[in-house]
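In case you want the letters, here they are:
Protein chains: 2
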Amino acid sequence: MGGSTDQVHANGRSPAAPNSGDTKNLPLDTLINLDHGDPRMYESFWRKMGDECTFVIKGYESLSYFSNPKNPACWFLEPKLEDSIKALHGAVGNAVTDGYSIVVGTGSSQLLHAVLYAVTSPDQPNQTSVVAAAPYYSSYVEILNLVRSGLYKWDGDAHEFDKDEPYIELVTSPNNPSGVIRGPVVSRDGGILVHDLAYYWPQYTPITSSLEFDIMLFTASKCTGHAGSRIGWALVKDIEVAKKMTKFMEVSTIGVSKESQLRVAKILQVVADRCKRFGSPEGDNFFEFSKNLLTKRWEILRETVKKTQMFTLPKYPLQHCNYTGDVTQAHPAFAWIKYKDGMDDCEMLFKEHKILTRGGKKFGTDPGFVRVSMVSREEEFNLLIDRLSMIQGLNNVDGYAAEIE
Amino acid sequence: MGGSTDQVHANGRSPAAPNSGDTKNLPLDTLINLDHGDPRMYESFWRKMGDECTFVIKGYESLSYFSNPKNPACWFLEPKLEDSIKALHGAVGNAVTDGYSIVVGTGSSQLLHAVLYAVTSPDQPNQTSVVAAAPYYSSYVEILNLVRSGLYKWDGDAHEFDKDEPYIELVTSPNNPSGVIRGPVVSRDGGILVHDLAYYWPQYTPITSSLEFDIMLFTASKCTGHAGSRIGWALVKDIEVAKKMTKFMEVSTIGVSKESQLRVAKILQVVADRCKRFGSPEGDNFFEFSKNLLTKRWEILRETVKKTQMFTLPKYPLQHCNYTGDVTQAHPAFAWIKYKDGMDDCEMLFKEHKILTRGGKKFGTDPGFVRVSMVSREEEFNLLIDRLSMIQGLNNVDGYAAEIE
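Sequence lines, in order, name chains W and E. Numbered according to UniProt numbering, the first sequence spans residues 1 to 405. Numbered according to UniProt numbering, the second sequence spans residues 1 to 405.
What you were told as hints is all true, and nothing was included just to trick you.
Within a straight-line C-alpha distance of at most 35 Å, the following computed DSBU-like cross-link-like pairs (lysine-lysine) qualify: (1) 247/W x 86/W; (2) 58/E x 80/W; (3) 153/E x 244/E; (4) 70/W x 354/E; (5) 296/W x 70/E; (6) 70/W x 351/E; (7) 354/E x 58/W; (8) 315/E x 48/E; (9) 361/E x 153/W; (10) 243/E x 361/W; (11) 361/E x 244/W.
Calculated from the structure, these hints are not laboratory results.
Extracted from the complex, chain W is given alone in its bound form (with noise of 0.2 Å):
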């Protein structure tokens, strides 16, 4: 599945933006970081909480390097997490975690180190191939040529891959940049597929099965916002590639901050306990509340871009999402949005206007293209939408140029 885009007009700036007072916490000349997918947005959800979900660790508590030696599958990892991921997965309806074992990592950026580690030898003859679909998640380049692995290499573009060799398949899903589901590109005999789920939450896309690959990869910092407590976890099917990524985690950190995992496990766990309830008056279900603000964001900025007579977004299907029972379309965490006409450089339009992009470039597609975070806390989104509506009127670059010199 591709992202088709939808070409949308019109100029000015919504007036049905929520809370646009909020801008005047920021210098009206900020420059705003929408590079990044900071999740800052949930915060206000969280404070909302209150002490339920306040972590306390006394000075005694967890100084072992080990949670849990009888695990078999990693040594590391804290009970408490493991069930409520289970409990979390088994709400949502968007994976299955029966018979799979659970790897932690600090964040799932280590995990995909771990996974690249686990599926390759040093015996083979050849690196093995890496690929993934363009436009594909910017940080694969830089997570495959790190430390230039004999073990593996990544080999761009999963369209373009014709080597008639074993290779790893990154399918990202919904994408990162484009937001859209997708399976294989590639799908030849002696190809390991490796499933980044990062945001196979009810929020961004409609859930409409349960999952069940051999390597799936998930994350905190997209699942509930905790970003900096950098927490993923693995789901994986041979409980052999979950030992090697272990082994994995093991020497390159000797494990995943305790802390942060028992932390973790709370904030998912009343995630968990409360998400099966909808329309409740304390507002306490936290998919129903990030579907709700991601849903008006997206409206706000669809709205927006059509003014402006420049941009184009992609479109989502309506879809049945099992979660919420309702018919549904995505809200990614990133817009995609493509310069109509062609650029050269679009992440540059948007930093003269005072917003950081990540351009289509490091995407490995047309540099036409920005992703821009769609997470960020509420001043800079209605920053980012105040700014958007000025690029307006501008028929070409050359005339875009011009005015802001």
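Take the given structure of chain W and dock chain E to it, following the hints.
Same frame as chain W, but now just chain E:
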């Protein structure tokens, strides 16, 4: 400086072993794991400190990836941790921090990976050789070989390095496993030195000067015993090296757990604030407490080893410690035990007495050595002493093997 050995004799268990009743909590046939240096010895101190060291974090705090975007060396270092690290080194006088950049890591293991990345380049013609003087920390080999990097390669014992090319020497001081203070062995032009100072704290060794090497690695695991937190830090003289280390951490794990950083910041500050008062009735000087405990353990161990007539222990010089003001010897976190008359597998001998240790071969040396943790819980230390006492009157492996069968 090398690890001289001290031959001592006798047999039977030390009657001076304190709290030997503690062993009642462990079944008599429990296999005790003294392979890792799991620092659970420190739990009793932190328990005594009560709520002063309790760490509390609310559900909405520290969601962002960023800790300090204005820090040019390390954007994910929590300012509070930076302050505590400086305060602690200042109070102890073991390392200079003025003029250094601080980089935080998920344990010092990750920092070593980061250093290797930072001081090499993909443009260099060959992999840089990395060496350490035997006996060297066993994990170095695993770290160097993990993903078969094209940037660097493990080249074994520094004493045998004779290539006329750039190299990296890992200088572990005090050394793991042998506990001795060390300097570089190769000392040629074009060499980069990485000082692993995990054990350069007053409970383990006299603090004889405030070190100011180019790259110095430390870890909370060995300093305060908070191994589960996975917090290490590097003091780096060249900010460009620090920046490259930060880049490594960004691609490897997108930073380091904020919960761990903030908790360890609190713990280090508590240690720093109280570590200049000696003999206070509160007994709240962490290094004083720890040094006293290790000193007692070493006395008991030396007496027990002497009685067995079978093993030797390294002898450490008496030195003036600038921190305590006393003349004292080292009391390392590991005992580096040598079978007197040579042996093929001392690790196996200990294992048959239900003591898990790490054998000499893994440290690049004679299998007649074993490394045994001295920082275990009291019960385990007592069981070690009990069992060591029982390995007596055996003058050769055959005799031993006959007895245990």
